[in-house]
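Asks: Sequence:
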Amino acid sequence: MDDEGSIHILAGQATEGGAATKILVNGIDIMARLSDLETRLDALQNQRFVVAAPRPLLESATRRILSLEVTRLFAGRDVWSVLMACPETGEFLDLVLESDMTTRNLVVLSNTSLGAAYIRSADLDGDGDLDVLTASRLDDTVAWFEQDPVNRTFERHIITTSAEFVVSAEPVDLDGDGDLDVVSASVHDNTIAWYRNDIDSGQGFSAGLIVSNTAGGPWAVQAADLDGDGDQDLISANFYNGTVSWYTNHRLGTSTPPSFSSHILGDGAYGAISALVGDLDSDGLPDIVVGCAYTRYILWYRNLGQGTFDMAQRIPTAAFGTNAVRAWDVDNDGDLDLLGASTYGDQLSWYRNLGNGTFTEVVIDAAADGVRDVMAADLDGDGVLELVAALREGQQLLYYNVERWA
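End of the sequence shown sits at 410 in the working numbering; the numbers just go up one at a time, nothing left out.
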């Protein structure tokens, strides 16, 4: 450094080809320092996130899992259930995992559900135990499986067989009478429909009541009180026309079916295929998040209150397409993070919520062949969330034992 405060390179070395191998500044090897900094950054990254190599929970040459849920299906038992929808084999399955994660029992709920597409658990009959709700797209069927908790068996009941290419079904109390109704999204008839729960009166579920039949190929449907008026509204991710819609619930009471008005949040959701509702910015209002099969971003619609939403914020993704997006506070820092499964990009990612409206992507697995869905749960009871992912190819169901998220 001279009297003017400038730094000068005092020495340099090069290979025979002219590429520099050492740069000395005031006697300091800058290239060595950069290499050391890179090593330290890698070490810090490893301290923040540690995951063991994935291991298979279920392997099959014929099954392809399209939808997952991980839940405690059986009350009073220390077991997890991994619920699966397998379209090629027409199966809805329950993989029962004991707490040691090695003892497993595969239960076939159905093997005649053509194009099994979606599966969720909910107490649909109000008896205190969880039942199973399903959608199968090639037979246009929404059904539920009633649990017998004594014998641990399930009885199938049909809700509808006329939802054309139905790909999603969710439990939600739309009429405010205290029991769970069912809402479905069917692609070929562009329809969001709901089915009133009349199980208490011995009538099962009602015929489908139309919320919208102009949804533009709805592939996902979710429910939440979006406008803060005390009843459940709906959203749909519309695959064909690349839009996201929400539907205001105008409920007048429990005896009259509610009516709905629809609103388009925006376009740019090319191949909209998954959706969730969660408070990403911790302001007490449910936001909307949509995964798109044909983009390199996840869409976040911030809820501004009273039924208004901000323009979509794009959360960049390294891989092309996000076929499933889920929300958990995986690093236990008080805000919701996102998990994304990219089928086309063969990538499983964690989008860490930094708490200031921004997310940073951490790639969990860059070789997850055709990963289609992902769920998080503390399967081994160590206080840390682990992951279960459904793959399109090869090892069909993978378990990721996370030792530390942050």
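Derived by calculation from the structure, the hints in this document are not laboratory data.
C-beta atoms are modelled at their ideal positions from N, C-alpha and C, and glycine is treated no differently.
Honestly, I wouldn't trust all of these hints.
What the hints assert, rightly or not - Label-pair distances were calculated between CB atoms; the ranges are:
{"#": "1", "residue 1": "Met105", "residue 2": "Asp283", "range": "24 to 34 Å"}
{"#": "2", "residue 1": "Asp181", "residue 2": "Arg156", "range": "45 to 55 Å"}
{"#": "3", "residue 1": "Thr165", "residue 2": "Gly257", "range": "28 to 38 Å"}
{"#": "4", "residue 1": "Pro60", "residue 2": "Leu256", "range": "33 to 43 Å"}
Asks: Starting from the hint list further up, note which numbers the structure goes against and sort them upward.
Replies: Hints 2 and 4 not satisfied by this model.
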